[in-house]
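Participant: Required output: the full structure, derived from the provided sequences and hints.
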Amino acid sequence: MNDWHDVGCLDDIPPLGARVVRSAQGDIAVFRTADNDVFALRDRCPHKGGPLSQGIVHGQRVTCPLHGWVLELASGNAVAPDIGCAKRFPVKLIGDRVLLQVGAASAGGEEQHGAAA
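Numbering (full-length UniProt numbering) for the sequence shown: 1 to 117.
Hints are all accurate, no fakes.
Label-pair distances were calculated between CB atoms; the ranges are:
1. Ile-94 - Leu-66: 28 to 36 Å
2. Leu-10 - Pro-81: 27 to 35 Å
3. Gly-49 - Asp-96: 30 to 38 Å
4. Pro-51 - Ala-24: 17 to 25 Å
Simulated from the structure, these hints should not be mistaken for lab results.
From the three backbone atoms N, C-alpha and C, an ideal C-beta is built for every residue, glycine too.
Facilitator: Listed below in structure tokens is the structure:
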């Protein structure tokens, strides 16, 4: 279950954008930064379940399109003062191919939290 799956060419993902990969674990958003780094998170904001794939990618972060929560792409953690985490998945580039390891989601799982006090 921890096999790497080819999800397409890097050019299939727009710079500062995302592509959705459907999986048995739910939709996964694969993000591309301006520097061509790739990251993968569950396509669900920990705040209210907004589609992160439709958010704005900036630097190494994505802003949820629903309520403006900002998440770190490398960890899935919400940026303070918000608290929460979107499940992340291993992703890598081999040449121009994007590979995703669906069966190896990060430890800790996905959490649902509100804003910090």
